[in-house]
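Quick mapping for you: the protein sequence lines, in order, are chains A and B.
Mapping the first sequence onto the working numbering, position 154 (from 1) lands on 733, and the numbers just tick up by one.
Mapping the second sequence onto the working numbering, position 223 (from 1) lands on 456, and the numbers just tick up by one.
Source of the hints: derived by calculation from the structure; they are not laboratory data.
Treat the hints loosely; a few may be bogus.
Computed list of lysine-lysine pairs in DSSO-like fashion (alpha-carbon distance at most 30 Å, straight line) [what the hints assert, rightly or not]:
1) A:Lys-603 x A:Lys-624
2) B:Lys-430 x B:Lys-314
3) B:Lys-356 x A:Lys-606
4) B:Lys-430 x B:Lys-356
5) B:Lys-612 x A:Lys-669
6) B:Lys-473 x B:Lys-327
7) A:Lys-624 x A:Lys-602
8) B:Lys-354 x A:Lys-603
9) B:Lys-374 x A:Lys-669
10) B:Lys-356 x B:Lys-327
11) A:Lys-669 x B:Lys-314
12) A:Lys-669 x A:Lys-601
13) A:Lys-624 x A:Lys-669
14) B:Lys-374 x A:Lys-606
15) B:Lys-473 x A:Lys-669
16) A:Lys-736 x A:Lys-602
17) B:Lys-450 x B:Lys-374
18) B:Lys-354 x B:Lys-450
19) B:Lys-314 x B:Lys-374
20) B:Lys-473 x B:Lys-284
21) B:Lys-551 x A:Lys-606
22) B:Lys-430 x B:Lys-450
23) B:Lys-284 x B:Lys-374
24) B:Lys-473 x B:Lys-354
25) B:Lys-450 x B:Lys-612
26) A:Lys-602 x B:Lys-450
27) B:Lys-551 x A:Lys-736
28) A:Lys-624 x A:Lys-601
29) B:Lys-473 x A:Lys-736
30) B:Lys-314 x A:Lys-736
31) B:Lys-314 x B:Lys-450
32) A:Lys-601 x B:Lys-430
Okay, the calculated beta carbon distance ranges per label pair [to be verified]:
33) B:Ser-404 x A:Arg-596: 54 to 64 Å
34) A:Thr-592 x B:His-367: 42 to 52 Å
35) B:Lys-354 x A:Pro-677: 45 to 55 Å
36) A:Lys-669 x B:Glu-495: 21 to 31 Å
37) A:Pro-723 x B:Gln-515: 36 to 46 Å
38) A:Lys-669 x B:His-357: 48 to 58 Å
Cβ coordinates follow ideal geometry from the N, Cα and C atoms, glycine included.
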Amino acid sequence: MELELVSYRRNETIPARDYMTKKKHVKFFDRETAAAMVCVGRLLKGRMLPTNTPFYYAKGAVEHEEYGLEDIAAGSATAEGAFDHEGFIKVGMANVSPLTHSKVMYNMTLSFLSIELGLTGDNAVIYRSASGLLLQTYHAPVYPGIPILIGAGRVNKEGTVESGFALVTQGNLLQAKRARDKVAHDDAMELFLHWNRVQRERGQGPHKAGVLEASL
Amino acid sequence: MKSHTPRIMITAAGVNSPLGCSVNEFMENLANGTIGIGHLQSVNAEFFPVKCAAEVKEKGQLVETEENMDRKEYFIRRAVKELVDNCPDIENYKPRNRMMHLGAGLDYFNLQSYIGSGHFKQKHWEPYYHRSDHMVDRLAKHYEIRGGHSANVAACVASSQSIGLSYRILSQHTGLGIVTGGFDSMLSHLHYMGLYKLGVLADDTGDPARACKPFDKNRRGAVLGEGAAAFFLQRFDEIKQNRPLAEIRGYASTLDAHEITEPYPDGTYLAEAAQDAILEAQLSAEEIDCVHLHGTGTRQNAPAEARAMELVFGHRYKEIPVFSLKAQTGHLMGACGAVELLAAIYSLQNQVVLPTRNFDEPDPDVPLRVVKGEPLPLKIFNILKLNSGFGGQNTAIVLRRYVV
Chain A
580 MELELVSYRR NETIPARDYM TKKKHVKFFD RETAAAMVCV GRLLKGRMLP TNTPFYYAKG
640 AVEHEEYGLE DIAAGSATAE GAFDHEGFIK VGMANVSPLT HSKVMYNMTL SFLSIELGLT
700 GDNAVIYRSA SGLLLQTYHA PVYPGIPILI GAGRVNKEGT VESGFALVTQ GNLLQAKRAR
760 DKVAHDDAME LFLHWNRVQR ERGQGPHKAG VLEASL
Chain B
234 MKSHTPRIMI TAAGVNSPLG CSVNEFMENL ANGTIGIGHL QSVNAEFFPV KCAAEVKEKG
294 QLVETEENMD RKEYFIRRAV KELVDNCPDI ENYKPRNRMM HLGAGLDYFN LQSYIGSGHF
354 KQKHWEPYYH RSDHMVDRLA KHYEIRGGHS ANVAACVASS QSIGLSYRIL SQHTGLGIVT
414 GGFDSMLSHL HYMGLYKLGV LADDTGDPAR ACKPFDKNRR GAVLGEGAAA FFLQRFDEIK
474 QNRPLAEIRG YASTLDAHEI TEPYPDGTYL AEAAQDAILE AQLSAEEIDC VHLHGTGTRQ
534 NAPAEARAME LVFGHRYKEI PVFSLKAQTG HLMGACGAVE LLAAIYSLQN QVVLPTRNFD
594 EPDPDVPLRV VKGEPLPLKI FNILKLNSGF GGQNTAIVLR RYVV
């Protein structure tokens, strides 16, 4: 299994463009998607995956600020602080671009990555759950010689965004039973952090792509 | 049919929808051609530029919920309750052998309370959104479902993908009972207007019941709906008391990898999902008797589905009868695959393809056999159900009639 992790602090620039050919899409990205683009770019290092590579992603909770919530709220409140139905339409929603809606649609990370990588195969978007992500992966269609791309993202309360991606086989995952049991009830991002800790214990270093040994 | 292929059966269901809040009511209104679309009542839409919506109704009346409540959680609770009340076999599975996989829509955001509380001034928004994965957590806990659960959030294919995952799990494992389906309500300020700003909603300001016109030459967009449907899936040889409703024979999912708000115009990858599901069902395209399409009513969706149909069925694509439920229920987004699967079950059980409501004038660019006027009696053994969504995800499910 190959693994990559990235994390960016709240105001840190996420260099998604550096890893993209279709750079025009960056304006649609929330921070989780931007981080995912960097993470996959570092994982693949320019390699192309077969188009039928199964791809499963565990989405983290949405950062509602990215939806322009502040601008919407500012236009939707009366002077007394009550909700203003007319103001919501004529000022609040008028303040935000239609493009921002893509930042709150949960399948957009998977979708934008599929467009960038040309992936057209089996897919799913799970909300947060490590066990949900693993279940999808265990039951993916099997194509000889073609791994499965899995990923997860998370935005933490203090604003750090994390992304983890791996190329796995079902054999890797069956042998990672210990990891599955440990993190099955957790946020999917914990799965990638766990695998990264294992790599560090084996001297392969943090946040570096490496091969996870089959004996995990 | 090869004898060693496990048979995955749908053996119970529950629904809350614009066509009613029980399976019986839903089927009756479906058959009557009832249109569950009107003007928004559950949300103050006085200043909305368009106001059409398909809200959940029971006996023709809007199902009311507390103000600023996440309606979709209310609906899935009731749908799962109906399912469990009609599913004696669920008790035959120990809690660790029960699973729940549901598709869900966007998290509800209580904008009115966020502003009214004054918390918007501190940008303290976290308490005002309601996570759908937590809803699935609560449901699973309530029904002692301890074998695993998940929420799929793949937009318009969320519930289809959940059903597909459940089918795949049961295809490989015995001794499991799975509750699956989907729930959604985008009938709230932020989500309704967010979809409006993407330009996908019908701008018809006339009779709301005529707003959604799948495949029609004069179609003008989608109408948002809300609802929930839940199914119980189990292996055929594990059925004790439940009554099979239909059999799932194949499932596949693909990606367009094209644009996020437009389907792949040639329908290539939607066709690929259909072909993969038909192949998995060990069928040929000639053995599919009718197709329940996604049929949103938008300008782009219909030609893409027509191209996909041509790729799958060849010359026969203009002859095989098709149906879209969305003129009656609106677009239920994360719940559409599940609620529409119930309509496919209706077709199988009653051996009929229903007319697609509001389909008046065929579009030359969409030369499909859309049933019009009266229901079409037909021998139906196998139905293909297609869905596709924002972001380019596609799903295909092959359903087979259950015959005693």
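Hint check:
{"no.": "1", "hint": "A:Lys-603 x A:Lys-624", "in the structure": "holds (21 Å)"}
{"no.": "2", "hint": "B:Lys-430 x B:Lys-314", "in the structure": "violated (36 Å)"}
{"no.": "3", "hint": "B:Lys-356 x A:Lys-606", "in the structure": "holds (23 Å)"}
{"no.": "4", "hint": "B:Lys-430 x B:Lys-356", "in the structure": "holds (24 Å)"}
{"no.": "5", "hint": "B:Lys-612 x A:Lys-669", "in the structure": "violated (53 Å)"}
{"no.": "6", "hint": "B:Lys-473 x B:Lys-327", "in the structure": "holds (15 Å)"}
{"no.": "7", "hint": "A:Lys-624 x A:Lys-602", "in the structure": "holds (17 Å)"}
{"no.": "8", "hint": "B:Lys-354 x A:Lys-603", "in the structure": "violated (33 Å)"}
{"no.": "9", "hint": "B:Lys-374 x A:Lys-669", "in the structure": "violated (43 Å)"}
{"no.": "10", "hint": "B:Lys-356 x B:Lys-327", "in the structure": "violated (45 Å)"}
{"no.": "11", "hint": "A:Lys-669 x B:Lys-314", "in the structure": "violated (41 Å)"}
{"no.": "12", "hint": "A:Lys-669 x A:Lys-601", "in the structure": "violated (34 Å)"}
{"no.": "13", "hint": "A:Lys-624 x A:Lys-669", "in the structure": "violated (46 Å)"}
{"no.": "14", "hint": "B:Lys-374 x A:Lys-606", "in the structure": "violated (40 Å)"}
{"no.": "15", "hint": "B:Lys-473 x A:Lys-669", "in the structure": "violated (58 Å)"}
{"no.": "16", "hint": "A:Lys-736 x A:Lys-602", "in the structure": "holds (28 Å)"}
{"no.": "17", "hint": "B:Lys-450 x B:Lys-374", "in the structure": "violated (48 Å)"}
{"no.": "18", "hint": "B:Lys-354 x B:Lys-450", "in the structure": "violated (48 Å)"}
{"no.": "19", "hint": "B:Lys-314 x B:Lys-374", "in the structure": "holds (13 Å)"}
{"no.": "20", "hint": "B:Lys-473 x B:Lys-284", "in the structure": "violated (47 Å)"}
{"no.": "21", "hint": "B:Lys-551 x A:Lys-606", "in the structure": "violated (41 Å)"}
{"no.": "22", "hint": "B:Lys-430 x B:Lys-450", "in the structure": "holds (23 Å)"}
{"no.": "23", "hint": "B:Lys-284 x B:Lys-374", "in the structure": "violated (37 Å)"}
{"no.": "24", "hint": "B:Lys-473 x B:Lys-354", "in the structure": "violated (58 Å)"}
{"no.": "25", "hint": "B:Lys-450 x B:Lys-612", "in the structure": "holds (29 Å)"}
{"no.": "26", "hint": "A:Lys-602 x B:Lys-450", "in the structure": "violated (36 Å)"}
{"no.": "27", "hint": "B:Lys-551 x A:Lys-736", "in the structure": "violated (54 Å)"}
{"no.": "28", "hint": "A:Lys-624 x A:Lys-601", "in the structure": "holds (16 Å)"}
{"no.": "29", "hint": "B:Lys-473 x A:Lys-736", "in the structure": "violated (48 Å)"}
{"no.": "30", "hint": "B:Lys-314 x A:Lys-736", "in the structure": "violated (35 Å)"}
{"no.": "31", "hint": "B:Lys-314 x B:Lys-450", "in the structure": "violated (41 Å)"}
{"no.": "32", "hint": "A:Lys-601 x B:Lys-430", "in the structure": "holds (24 Å)"}
{"no.": "33", "hint": "B:Ser-404 x A:Arg-596: 54 to 64 Å", "in the structure": "violated (42 Å)"}
{"no.": "34", "hint": "A:Thr-592 x B:His-367: 42 to 52 Å", "in the structure": "violated (32 Å)"}
{"no.": "35", "hint": "B:Lys-354 x A:Pro-677: 45 to 55 Å", "in the structure": "violated (26 Å)"}
{"no.": "36", "hint": "A:Lys-669 x B:Glu-495: 21 to 31 Å", "in the structure": "holds (29 Å)"}
{"no.": "37", "hint": "A:Pro-723 x B:Gln-515: 36 to 46 Å", "in the structure": "violated (21 Å)"}
{"no.": "38", "hint": "A:Lys-669 x B:His-357: 48 to 58 Å", "in the structure": "violated (25 Å)"}
Violation of the numbered hints given earlier is confined to hints 2, 5, 8, 9, 10, 11, 12, 13, 14, 15, 17, 18, 20, 21, 23, 24, 26, 27, 29, 30, 31, 33, 34, 35, 37, 38; the remaining hints are satisfied by the structure.
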